[in-house]
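Chains as they are written, first to last, in numbering that gives the first Met the number 0: chain F, 0 to 301; chain P, 0 to 301.
It should be emphasised that the hints constitute simulated quantities derived from the structure, not laboratory data. Don't take every hint at face value.
Because identical chains cannot be distinguished in the list, a pair is counted as satisfied if it fits within a single copy or across any two copies.
Stated by the list, open to error - Derived DSSO-like pairs: lysine-lysine, alpha-carbon spacing no greater than 27 Å straight-line:
# : residue 1 : residue 2
1 : Lys175    : Lys83
2 : Lys41     : Lys246
3 : Lys257    : Lys246
4 : Lys158    : Lys225
5 : Lys74     : Lys212
6 : Lys257    : Lys74
7 : Lys212    : Lys225
2 protein chains.
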Amino acid sequence: MSEILVVGSLAYDTISTPNGRVDRTLGGSANYFSLAASLYSKVRVVGVVGEDYEDKDFELLSSRSVDTAGLQKQKGKTFHWEGKYQGDMNEAITLATDLNVFEHFNPELPASYKDSSYVFLANIHPELQLRVLEQIDRPKIVGSDTMNFWIQSQLGSLKKVLTKVDVVLINEGEAKMLSGASNAISAAESILAMGPKAVVIKRGEYGFVMYSKEGYFILPAFPIAKVVDPTGAGDTFAGAFFGYLAKGDSDLSLKSLKEACVHGCLMASFTVQGFGLDSLRDVEWADVQQRFQDYGRVISFA
Amino acid sequence: MSEILVVGSLAYDTISTPNGRVDRTLGGSANYFSLAASLYSKVRVVGVVGEDYEDKDFELLSSRSVDTAGLQKQKGKTFHWEGKYQGDMNEAITLATDLNVFEHFNPELPASYKDSSYVFLANIHPELQLRVLEQIDRPKIVGSDTMNFWIQSQLGSLKKVLTKVDVVLINEGEAKMLSGASNAISAAESILAMGPKAVVIKRGEYGFVMYSKEGYFILPAFPIAKVVDPTGAGDTFAGAFFGYLAKGDSDLSLKSLKEACVHGCLMASFTVQGFGLDSLRDVEWADVQQRFQDYGRVISFA
Chain F
0 MSEILVVGSL AYDTISTPNG RVDRTLGGSA NYFSLAASLY SKVRVVGVVG
50 EDYEDKDFEL LSSRSVDTAG LQKQKGKTFH WEGKYQGDMN EAITLATDLN
100 VFEHFNPELP ASYKDSSYVF LANIHPELQL RVLEQIDRPK IVGSDTMNFW
150 IQSQLGSLKK VLTKVDVVLI NEGEAKMLSG ASNAISAAES ILAMGPKAVV
200 IKRGEYGFVM YSKEGYFILP AFPIAKVVDP TGAGDTFAGA FFGYLAKGDS
250 DLSLKSLKEA CVHGCLMASF TVQGFGLDSL RDVEWADVQQ RFQDYGRVIS
300 FA
Chain P
0 MSEILVVGSL AYDTISTPNG RVDRTLGGSA NYFSLAASLY SKVRVVGVVG
50 EDYEDKDFEL LSSRSVDTAG LQKQKGKTFH WEGKYQGDMN EAITLATDLN
100 VFEHFNPELP ASYKDSSYVF LANIHPELQL RVLEQIDRPK IVGSDTMNFW
150 IQSQLGSLKK VLTKVDVVLI NEGEAKMLSG ASNAISAAES ILAMGPKAVV
200 IKRGEYGFVM YSKEGYFILP AFPIAKVVDP TGAGDTFAGA FFGYLAKGDS
250 DLSLKSLKEA CVHGCLMASF TVQGFGLDSL RDVEWADVQQ RFQDYGRVIS
300 FA
């Protein structure tokens, strides 16, 4: 088992969906990623919170043995995002983004983090993603995510990141935007040509497309009749994906990539069943195993 | 092997996609269905064409041993549809619908058709679908499709059809419209409660969801980097689905349903690779077998 370093946001989110509304619930890519990954492996987190960040929210990570030495607490308020989902809930509509302490976030890795083998650069400014990479000795596998805002405003830096990472995990709309392609298959081919060894396109209720030089791997999401809140599903996917790889000290063989994708996909299916982290925080290993069996029945036909 | 009766449209289509444009190319649900199904089983077709319908277009079906005794040639012009696709091409934008002889179509089954075991009622007026069913002695398995227009204007008749068919094949947008559900999983559950034994929701590039009382079966489409024209993919799916069932005289066991869905999905992947029927008409059994093998590599991870 290897340790995973994740850098990303810790946030309070206000979320409205057709199923209700929650105010200032715990969120942020680093929290979703860490909770998911910590079911598989040891996690080290890098991020920044404000003075309002509650002790119980630190303790949630500690209770899962997540190393929080890389969390800075700064003067000011924690990053706050407000968004809503409508209709099929495949896309969030952002209502407010209060960066707060996140605005001047400068990731500084504790010395104890510098030997991390697995590294995930969640959706932050591409220049910060590069700054994190510079501080790590010899990572074995580096992954990254990004978002439309950086594709539009920081394409140069983002493309530099893509030449330095092994695997990109990105949602379908952003994959099309980044590549200019009209479908996920063509987008995956284009993004692979930008540098990474593998591309995982997250498709929400439609599952994922994974593409590496060895071939495609495509599966649907686990069927959930009532999606309560899709927030964090993509970060959960990345967390279980990296958790699975780190647990087995795995490389990016097609077999490892496929298994990691299935873990990512299934873990994300828990996240969407509750608001914020409500559902994910209660997931135990037995739940994952059960969902694996159920999923097998949904997709197998031989 | 049993014989399949299909009732649907025979048309000339004018289609624009980001890849080009074709004028008055052969189309219509009955043509797509028949070409796909005839790779598996014997097909009997019921429909109407105008005086402009070309001999070579009749001969295309005859060359595949499709029984065309149920095709009426009437005074006037053949049904003409004009549409375009943009962006991800998941939805057609209708530019013109010239019903022509299709406007007063009244399906009359030749006596030789009345013993058909497998029946597919493609997207036509629900009252006509019912009229076809009344003329068949004892069908073993009946399937139907429909469209937004009938859901909005003929919901009563359509719901009556749903109580009389065994399997509904419907696209995702129309499944949500019919059920009021916000996702395909929930829509499938609702539609199953309307009467049929199984529901197949066609999701374009995202594949399909099949739901019967025995459970879900969900898979993605075969990856096609360049979708030339999606017209007819849904009817192709239905054709191979019914063709597969009829070939083995199959019932609607979960195993049969799953296998039929995979055949439907793979055959549809050929259709989208060319304009109109250009690609489907050249598909041979060896191509289907090859795609089966390739698909296995795309979706398997054990």
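Hint check:
1. Lys175 to Lys83: Result: close both inside a copy and across copies, 22 Å intra and 21 Å inter.
2. Lys41 to Lys246: Answer is within; shortest intra-copy Cα gap is 8 Å, inter-copy 54 Å.
3. Lys257 to Lys246: within (15 Å within a copy, 34 Å between copies)
4. Lys158 to Lys225: between (37 Å within a copy, 24 Å between copies)
5. Lys74 to Lys212: Neither. Shortest intra-copy (46 Å) and inter-copy (57 Å) distances fail the 27 Å Cα cut-off.
6. Lys257 to Lys74: neither (43 Å within a copy, 58 Å between copies)
7. Lys212 to Lys225: Between. Shortest inter-copy distance 18 Å satisfies the 27 Å Cα cut-off; intra-copy 36 Å does not.
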